Each structure stands twice: as C-alpha cells, then as structure tokens.
Amino acid sequence: MPESHYRICPLCEACCGLEVKTEGARVIAIRGAENDVFSHGYLCPKGVSLKDLHEDPDRLRTPLIKRDGVFVEASWDEAFAEIEKRLLPVWREQGPDAVALTIGNPAAHKVSLLAYTPRLVRALGTRNVFSASTLDQMPKQLSAGLMFGHWLSIPLPDIERCDYLLILGGNPMVSNGSLWTVPDYRGKAKAMRARGGRIVVVDPRRSETAAAADEHLAIRPGGDALLLAGIAHTLFDEGLVKLGRLADHVNGLDEARTALQPFAPEVTAAGCGIPADTQRRLARELAAAPRAAVYGRIGTCTTRFGTVNSWLVDLLNVLTGNLDREGGAMFAKAAAFAPNTQGRPGSGKGVTTGRRSSRVSGAPEVFGELPITVMAEEIETAGAGQVRALITVASNPVLSAPGGPRIAKALEELDFMLSLDIYVNETTRHADVILPGLSPLEDLHFDVAFPQLSHRNHARFSGPVFDAAAGTPQEWQTLLKLCALLEGRGLGVDVQRLDDEAIESDVRRFAGEQTPAVLAALQPWRGPERLIDLQLRVGPYGDQFGRKPDGLNLAKVKAASTVEGGGVDLGALGARIPELLRTPSGRIELAPPSVLADLATVKAEPAPAFSLIGRRDTRSGNSWMHNLPVLAKGPDRCTLLVHPEDADRLGLAEFAKVSSAVGELVARVERSADMSRGVVSLPHGWGHGLDGVQLGVARERPGVNLNALLDDAARDPLSGNAVLSGVAVEIAPA
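Numbering-wise (full-length UniProt numbering), the sequence shown opens with residue 1 and increments by one.
For the record, the hints were derived by calculation from the structure and aren't laboratory data.
Among the hints, erroneous ones may be present.
Straight-line alpha carbon distances no greater than 25 angstroms define the calculated DSS-like cross-link-like pairs of lysine-lysine that follow [as the list claims (entries may be wrong)]:
| no. | residue 1 | residue 2 |
| --- | --- | --- |
| 1 | K85 | K481 |
| 2 | K21 | K548 |
| 3 | K51 | K633 |
| 4 | K85 | K558 |
| 5 | K51 | K558 |
| 6 | K51 | K66 |
| 7 | K633 | K21 |
| 8 | K409 | K657 |
| 9 | K556 | K21 |
| 10 | K66 | K409 |
| 11 | K558 | K548 |
| 12 | K66 | K481 |
| 13 | K51 | K21 |
All figures in this text were calculated on a predicted structure; none of them were measured in a lab.
When you get a sec, could you build the whole thing from the sequences and use the hints?
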C-alpha cells in the first residue's frame, strides 16, 4: 500500500517541501507538497532526483579503508581504529595546526553536519579551517557583519511587495535564490511584473533571469564596483538620498559620500561598460520607486572587489530608504539558530576579522576560516604548523577550488586523510579512510541557515522516510565519536553520554542555575532533535519553556509538518532595525574603514581579449549532483558559451582551447547570442574524468574543470574569497 511522507528538499537553498510516495522500501513518486507553507507545491528537477540519490549504486553505504592503494570495505570499528592509529599521532606530535579541516556545501543542508562539525573544530583546536564559503559568499557575509553586526544579517528582497528590483550577478530563475531562499522565483517575478513592478538584471550574459526581466544590462565582467559606485555617487550628487526612518540609526553617511566622490558615472562608464546616462537613470529609478530593492549575488562576490560590491549593494538600499521596509531589502526573523534574535537586542560585539593569518601567504581569517585557496600551500610548505593531515566533510576542493591539480598533488603528500562523504569523488579518492553519511531519505531535516535568509518566515521539520541500515551511525554520532578520540576517551565511549554532555554545556551557558530544569524539559529528544527543540523554545517565537504556552517547540513544529500541514507559517518579513543590530555602536555602519580603503583602489582596467565567467544550471548543484540519472540526462551542460560573432571570427568549430595565465583546457563550444561579445562562460564543478573516481554516470560525460584556469592566489583581500569571475583568457580553435 503506497504511503506519503512530508520531506524538505536538502539539495539547494530553495528548501522546497516535498511529498514522497513510497511502497515498502521503494520510492515510487516525488512531487511538490501542495500544502507546504513556504514553497506551496513548487518543485524543480533536483527534488525528484532524491530517488536517484537514495538508490545510487555508487553512493557509499559502508566505511572504506585504503590498503596498498586500493579501497576496501571495512566495519565502523575497523575504520575508527584506523583513524585512532594514524590521525592521533599527527595531531599529538605535530600540534593541532598539523590537522586541517574543510567543509563543503552539502553540510549547510544537514543539521547533523552544521550543528556538530563546529564541535569537531573545537576539539581539534586547529587554525586551519576551510570551507566552500570562500568560493562563494564570504564577501556578503563580511559586509553584513561590518554593517549590521552579524555574518548572517543579510538583507533580502521582499519580492512579493516590491515595485522595482535591481539584480546584479544573480540568477534566481535557476538557483531559486542564493543567500535569498525564494522557491519559485519565476512565479514571484511574474506576479511582480503583472502588478506593474519592474525588474532590471545586470549580467554579462542574458541569463534565464535576465530573459524574463524588463531590462537586461550587459556589464563588463568585474565592473560591478564601478557601476554600483556610479549609482551611489549619483544619489549623493543629485540629492536623491532619503534615509527615512533609518536616519537615526546610521553612522558614516558623510564618510561614504566623500569616499564615493571620485566615482561619477562619467568616470566609471568605460570600466563597467554601462553608459553614464544609464547609471544615472538607474539611480533615479531606485530613488523614485515606491518600494525597491537591490540584490547582488555570486557574480558580485567572486571578483577582486567582492566585499566592496556587497557593501555597495546594501549602501544603495540604505540611501534610497529601502532597507528594512516592506517591499525593499528586509531581514528574516528565523525561529531558531539565529544569533541576531538572541542576546540583548540593538547592539553587540559586532564581528572581528584577522585574528590570525595563514602561515604561508598571510591571508586573513574571516568568520573563523582561512581562504580555501591557501590549503595546498599550507600542505606543501615545510615548517612549524605545516598541514600533515586533513579531514574533509562533504567537500570536494579538487573540483570546486582554483588550482585543483595542485590540490590533488598536495593531498598525496599528506600523512593521513579522512573524509566524511557519500562518494569516492575527485577529492575523497585521496583519502585513507572514508566514513559515509546517510541518504537524505534516511535522515531528519531541519534547516539551520536558510530560514535566516528566507523571503518569508517559517518553521518546518521532516523526519526520515526510511530507516538506516542496522549499525549505521548518524553523522552527528560519527562527529561526536571523533571528538571523543581527540579528547583521549578511546573507542568504547558511549555516544549518548557524549551528546548529554554537549547539550548540558550548551544549556549551561545561558540557563545557569535553571540548567537541570531545562535539560529535563528537553528529555524526550536526543541528538539534533534536542538542539532543535532547545533553539525553537528560546527563539523569538518559542514557548520559553512554558512561559509562553502558545509558542513553538519541536513537538508543535513536527505536528504541523506533514503532507497535510506543511509546517508553520510565521508571516511576511517585518521591520527589524534597530532590534536586529549587533554592532557595538547599535547603528548601521555605512563606512567600514577597511571597505572604504579598498574602494579607493577600484579603477578601470584594460579590457582583455576575452573574459571568462561561470554559470548555474537548474539540473546541476556544484560538483556533486552529476551522478544522478534524472539530472544528467539531456544535452551536454558543460559547454563553453561563445557569442556567434566571436566564434566565427576565431574560426571555432566543435571544440576550443581556453588558456589563462595559469592553465588551459579544451571545451566543447556552444554558440549563444546570450553572451556578450568578448565574454565566454563555463559552468562550475565539472571534470569527473580523473583516475580513481567512482562515479559511473558522471564519468560518462565528465566535462572540464573551469578551476584549472583560475589563479589560486587571486583573492578579494578583505574576505579571502577566490576570484572566479572576469578572468582574462585566450580562445583558439582546438
């Protein structure tokens, strides 16, 4: 008899609610959950692919240990014994910094990994922590931290009430939002335009989002800072600044005005490719619109001036009076895990950067991490603190980071490598031990980060659809056991006791003498469920352990999260300033000194013959969804998009050689009038043809690795984010 299960999709930031139909141990259908309070039945192809992921014969179900260069299956006890034997001596004898840890994108979609990996970081005590954040959004997190006091206080377009939306370097038609969780952007954009709203997209390519907008402006790759500064200059120059109620909540307005004085549109036009009169028109349209928002995403972050771009986006929202107002750029108010809802409202410690630097290049620490592009040199370079062992958590830097071949070579020099992963991929093939995680359909799900970035407030939970195989630990249990090894507690430790100790430590920090009573109230739950219940109950909508009987707790959210219920709707975004602010001043900091100093170095550069940019595809999620048949079928997606006139001029046929200052590759050519002349595009995360990769479907059409063309020394100096876009290349027939 078929059964229906409610499920939150963990494969992208849209976090859509799913209805999964099963018969026995088989998935027979997946569709959008019509009653989901957040996604309302919307579904993209990635949601359907959960069946393929669950059933993938290449997905690891048991630990692997490398013996004489070959992976062999092992028991969990054997795997942990190998870790104890080989990891601990490196850590003890060479010091904590000799062990590095890297965390990949999938970890953001698993509460076990997101909530428990920090415990492993603390147990290691290493300075060498890396993640996919410095390949993506770290500039936005840094600018948000400097302006508003917390890394995840990121303004989001209130699209359902917006009249004018300016998008730079983002493609939400494909991504359904990025640092903006907005399932069915297509439908929301269509509704916005139907009520008279206007959408303008700035992108070197006429992307799917640009094609469905009112206007597309083809910017020169890397010119975002010049364009944004030109618009901001115009607001000051033409007397269009209107702070509204935020006037009493800002610092640094005069400093920002002075810093932007050199960036008149007539000066910036040549460097960004957007005419001066168009820049001034955009400024006037933003200022005149009843409700407007500016949104910049990955194309604005993955450049030399990623942090400056991110700051300018929110500066424009402030200067036009559209920050923290309905229809403008607003802040979510998450039900749980959001630091900007905790502690004393209205002020705080703010953020601190540069507490340490990388050993070799002196790259800055931001948000507790070093840039992932320095990982290879930290392994290669001898001396105190040299990395000799690595733990990867759902991370594939050989494909996802610049300098992939260098990283792969460095990994072979390690004394030990441990991977927590479900595949033998381009990175984990170098591991000595691989510990697999669960299928998403075998695991519970509660989004930790994305409700802090959602276009509407909500709380949802989904339990496992299937039981995991007997004896298979959950990932949080694996992480706690690794912590116990580092703490010298051996292999026979009681994981449940470790979990009890961990939650007691968390509770004691805020409950003090009330800790026993709070722990007693949390008793029905274990592991991540206990953390979720705690966070919900002390959150802004919580029951406060009985003081607000109508408030949320995990039992209530679970009861509401069914195929029939679809979670708890907590309403549209509302004004949060000054309550949200966690800056020491209790104000929005419009002129962070480090950002203004970097702004002063922005200038037009000579245009290269060709600039390389990346792109997204709905059926591709970074480097790890290319092994799923439902997503892999259809046309080849790893192609080099070239404007037809450029292709004719160069005599390009089926393939082209693409060369940069650091590497070259041969890619299949696809002619596209959507590309600007002088700009070419390759998607991110391909290159599955390396030896030892056990991804049968992906290897059939491996594609090429864009990152082979990228310089691992090119970074935004403030955030450490890699420069992935606007890279100078040469194109020739192959």
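Next on the checklist: Which constraints among the numbered hints does this structure fail? Numbers only, ascending.
Outcome noted: 2, 4, 6
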